[in-house]
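Colleague: Each chain, letter by letter, is given below.
Protein chains: 2
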Amino acid sequence: MTTSLPSFSPLGLHRVLDPPGVLPQAAWRLDASPVIAPGEVLVRVDRLNLDAASYRQLRETYAGDPDKIRAAVLDIIATRGKMQNPVTGSGGMLTGTVEQAGPDSPLGLAPGQRIATLVSLTLTPLVITDSLYRWDGQSEQVPCEGQAVLFARSIAAVLPDDLPVPLSLAVMDVCGAPALTRRVIRPGATALVIGAAGKSGSLSAVAARRAGAAKVIGVVPTEAEAALLHDSEGLVDEIVMADARDPVGLAARTQAAGGPADVTVVCVDVAGCEGGAILSTAQGGTVIFFSMATSFSAAALGAEGMAADVTMLIGNGYVPGHAELALDLLRTTPALRALFERRVGR
Amino acid sequence: MTTSLPSFSPLGLHRVLDPPGVLPQAAWRLDASPVIAPGEVLVRVDRLNLDAASYRQLRETYAGDPDKIRAAVLDIIATRGKMQNPVTGSGGMLTGTVEQAGPDSPLGLAPGQRIATLVSLTLTPLVITDSLYRWDGQSEQVPCEGQAVLFARSIAAVLPDDLPVPLSLAVMDVCGAPALTRRVIRPGATALVIGAAGKSGSLSAVAARRAGAAKVIGVVPTEAEAALLHDSEGLVDEIVMADARDPVGLAARTQAAGGPADVTVVCVDVAGCEGGAILSTAQGGTVIFFSMATSFSAAALGAEGMAADVTMLIGNGYVPGHAELALDLLRTTPALRALFERRVGR
Numbered sequence: 002m003t004t005s006l007p008s009f010s011p012l013g014l015h016r017v018l019d020p021p022g023v024l025p026q027a028a029w030r031l032d033a034s035p036v037i038a039p040g041e042v043l044v045r046v047d048r049l050n051l052d053a054a055s056y057r058q059l060r061e062t063y064a065g066d067p068d069k070i071r072a073a074v075l076d077i078i079a080t081r082g083k084m085q086n087p088v089t090g091s092g093g094m095l096t097g098t099v100e101q102a103g104p105d106s107p108l109g110l111a112p113g114q115r116i117a118t119l120v121s122l123t124l125t126p127l128v129i130t131d132s133l134y135r136w137d138g139q140s141e142q143v144p145c146e147g148q149a150v151l152f153a154r155s156i157a158a159v160l161p162d163d164l165p166v167p168l169s170l171a172v173m174d175v176c177g178a179p180a181l182t183r184r185v186i187r188p189g190a191t192a193l194v195i196g197a198a199g200k201s202g203s204l205s206a207v208a209a210r211r212a213g214a215a216k217v218i219g220v221v222p223t224e225a226e227a228a229l230l231h232d233s234e235g236l237v238d239e240i241v242m243a244d245a246r247d248p249v250g251l252a253a254r255t256q257a258a259g260g261p262a263d264v265t266v267v268c269v270d271v272a273g274c275e276g277g278a279i280l281s282t283a284q285g286g287t288v289i290f291f292s293m294a295t296s297f298s299a300a301a302l303g304a305e306g307m308a309a310d311v312t313m314l315i316g317n318g319y320v321p322g323h324a325e326l327a328l329d330l331l332r333t334t335p336a337l338r339a340l341f342e343r344r345v346g347r
Numbered sequence: 002m003t004t005s006l007p008s009f010s011p012l013g014l015h016r017v018l019d020p021p022g023v024l025p026q027a028a029w030r031l032d033a034s035p036v037i038a039p040g041e042v043l044v045r046v047d048r049l050n051l052d053a054a055s056y057r058q059l060r061e062t063y064a065g066d067p068d069k070i071r072a073a074v075l076d077i078i079a080t081r082g083k084m085q086n087p088v089t090g091s092g093g094m095l096t097g098t099v100e101q102a103g104p105d106s107p108l109g110l111a112p113g114q115r116i117a118t119l120v121s122l123t124l125t126p127l128v129i130t131d132s133l134y135r136w137d138g139q140s141e142q143v144p145c146e147g148q149a150v151l152f153a154r155s156i157a158a159v160l161p162d163d164l165p166v167p168l169s170l171a172v173m174d175v176c177g178a179p180a181l182t183r184r185v186i187r188p189g190a191t192a193l194v195i196g197a198a199g200k201s202g203s204l205s206a207v208a209a210r211r212a213g214a215a216k217v218i219g220v221v222p223t224e225a226e227a228a229l230l231h232d233s234e235g236l237v238d239e240i241v242m243a244d245a246r247d248p249v250g251l252a253a254r255t256q257a258a259g260g261p262a263d264v265t266v267v268c269v270d271v272a273g274c275e276g277g278a279i280l281s282t283a284q285g286g287t288v289i290f291f292s293m294a295t296s297f298s299a300a301a302l303g304a305e306g307m308a309a310d311v312t313m314l315i316g317n318g319y320v321p322g323h324a325e326l327a328l329d330l331l332r333t334t335p336a337l338r339a340l341f342e343r344r345v346g347r
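The listed protein sequences correspond, in order, to chains A and B.
Numbering-wise, the first sequence is residues 2 to 347 according to this note's numbering.
Numbering-wise, the second sequence is residues 2 to 347 according to this note's numbering.
Quick caveat, the hints were computed from the structure, so don't treat them as lab data.
Just so you know, not all the hints are guaranteed correct.
[Stated by the list, open to error] Computed spacing ranges between beta-carbons, pair by pair:
no. : chain 1 : residue 1 : chain 2 : residue 2 : range
1   : B       : Gly109    : A       : Gly189    : 28 to 38 Å
2   : A       : Asp162    : B       : Arg187    : 56 to 66 Å
3   : A       : His15     : B       : Met242    : 19 to 29 Å
4   : B       : Arg332    : A       : His15     : 42 to 52 Å
5   : A       : Ser298    : B       : Asp66     : 22 to 32 Å
6   : B       : Arg115    : A       : Thr223    : 46 to 56 Å
7   : A       : Gln114    : B       : Arg246    : 48 to 58 Å
8   : A       : Pro167    : B       : Pro21     : 39 to 49 Å
9   : A       : Leu18     : B       : Ser298    : 16 to 26 Å
10  : B       : Pro11     : A       : Asp244    : 18 to 28 Å
11  : A       : Arg187    : B       : Arg187    : 10 to 20 Å
12  : A       : Glu224    : B       : Gly213    : 49 to 59 Å
13  : B       : Asp244    : A       : Val88     : 21 to 31 Å
Just so it is clear, CB atoms sit at the ideal spot from N, CA and C, and this is done for glycine as well.
Build the full structure now, drawing on both the sequences and the hints.
Modeller: If you want it as structure tokens, here you go:
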């Protein structure tokens, strides 16, 4: 168990078995051997958190039968060396304890630390050793025993002692959004957050304020979300209730609330929000798209069609220090923590 | 013909008939009446340049029958008040002469000027008055007579006297790429242009150099493209022949040519280039995606999966002054002009 592989790649290319030469995420099959290279970290896994789309597909395919769902997940992991649903293409994340850190690993992890992976299961070598006997197959939370490997360019965050694990995971899951928002906002800016009562949206609203935004406008789709945001005192300065898929309506309401925005952050996983985000942003401003429902061509052609000179960013889930920043925002903003606890449970 | 509409919107909302309240591009039907509002411009159209995908769909549907293709285009324009192919959703552009400029139009156009529209036909009110009798239906170039309307936030460029019209149109068609490249490049940067022998790629390479790039690396897929670039002396410093869909191969060759890049510009309309672009870019660098084949989720998840701290921009086709800049680059760079003439014809 201590022999090192002869050579290794920071991206894990040496773990790719099939097809050769592709990145681990694109691979059909990885070498999940728990013998780590000098740049790798071995993790004793205690829980998988399956991607929601992946779990839904499995549940529907097997009509909710726990034995069949379990068998399917075990089969995927045994066959592919990673938990990547072949239908949805998606993975999830895991939590576990550092078992061994290679001498050349740059991740700064030490044996015994409790961590969560912030890179997808779709590229994480994984072996399951307990047949998933503790999982009831009824939710995407999979208690398990097994081993996983982190590459030099993987991302993992140490789970903090002072916060419940579900809360930390919920924050880490969306921590790229506040980190990039903080980087883009200039002091005095007007920020517009579409989906401000959600997890990534509320974190981004707080990040915008911390970065010096003079005004934070939060967009929500319903009365219930508006009430939630209203109860979360200080998260935003103005609450706008609007359908983000209606460009003209959204822009008009944003204008009435003090817009247009210098920076607009799109945090709702709903298709068709590109035009409204662009039209609600001032000329020379920036739109950050964090929604995976964003259409590249709708954004590019929409901006051109409206002669909108806006910078449009693809929300990158990785910004150095993103997990620490997001956890710090939660710790130091009681209204944000309360909102997360209402969504996640304590 | 001189009565103005009572009120008007810079985005042309007053021209939307069905469904009400959407932006002109999303509308099924526009009011194409040649009676202009104070903020509009009326254009006497002499040529439509149909989007390639749209023309191909029409030609295939009607098995190349010119009468049927003509009838189909006339029917679309008469029904929708704009040339937006209902199957492909795409439009194209037009050339014509300014007939009347409303007193409140900010476009700075005057009657008699020969122009090209740089916003899509999908949002341009259009009437055809000659039954397209001069069009043979055999190409996407449609000589015609008719009238079109530009809104206050439309984009049009005056066709220069010193360049052949096809050359100017070819340049204007991709002029957003060099403009955004110029904005992003910092002096001393290493630039990587994927698809450097193409129209947007070669313009972007020259723009990068003008913005002070210390090194410009051009990626091409074939020996033929490499030869074309080699003949175009001074467009790039290094030529890399690689399949841009192979992240590991592209990054290795970029590295060997002096990379990684500070700024990578993706100008090839091929799917699956996101990973290679990200992996060939230095941490802290920027990737500009101009290809309409870009997948938002592949870019977002790819960067996260490789722990790549790169800024990713959605290429916006509109940057103020983009047409003038691109034409100027062509005029003042003989090798660029020669390359365009080889592609477009003189």
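Colleague: None of the hints should be skipped; say for each whether it holds.
Modeller: Tested hints:
1. Range check, glycine 109(B) to glycine 189(A): about 32 Å between beta-carbon atoms, so the 28 to 38 Å window is met.
2. Between aspartate 162(A) and arginine 187(B) the beta carbons are some 42 Å apart, a value that contradicts the proposed interval 56 to 66 Å.
3. A C-beta distance of roughly 26 Å is found between histidine 15(A) and methionine 242(B), which places it inside the suggested range of 19 to 29 Å.
4. Taking 42 to 52 Å as the suggested C-beta distance range, the pair arginine 332(B) and histidine 15(A) conforms, at roughly 51 Å.
5. Here the CB-CB span from serine 298(A) to aspartate 66(B) is close to 30 Å, well matched to the stated 22 to 32 Å.
6. In this structure the hint that arginine 115(B) and threonine 223(A) lie 46 to 56 Å apart at CB holds, the actual value being about 51 Å.
7. Taking 48 to 58 Å as the suggested C-beta distance range, the pair glutamine 114(A) and arginine 246(B) does not conform, at roughly 38 Å.
8. The beta-carbon spacing between proline 167(A) and proline 21(B), approximately 46 Å, falls within the hinted interval of 39 to 49 Å.
9. For the pair leucine 18(A) and serine 298(B), the supplied restraint of 16 to 26 Å holds, since their beta-carbon distance comes to about 25 Å.
10. For proline 11(B) and aspartate 244(A), the Cβ-Cβ distance of about 22 Å falls inside the hinted range of 18 to 28 Å, so the restraint holds.
11. Take arginine 187(A) and arginine 187(B): their Cβ atoms lie about 18 Å apart, and the range 10 to 20 Å holds.
12. Checked against the hint of 49 to 59 Å, the pair glutamate 224(A) and glycine 213(B) passes, with Cβ atoms roughly 53 Å apart.
13. For the pair aspartate 244(B) and valine 88(A), the beta carbons lie near 27 Å from each other, so the given range of 21 to 31 Å is met.
Checked against the numbered hints above, the structure violates hints 2 and 7; every other hint is satisfied.
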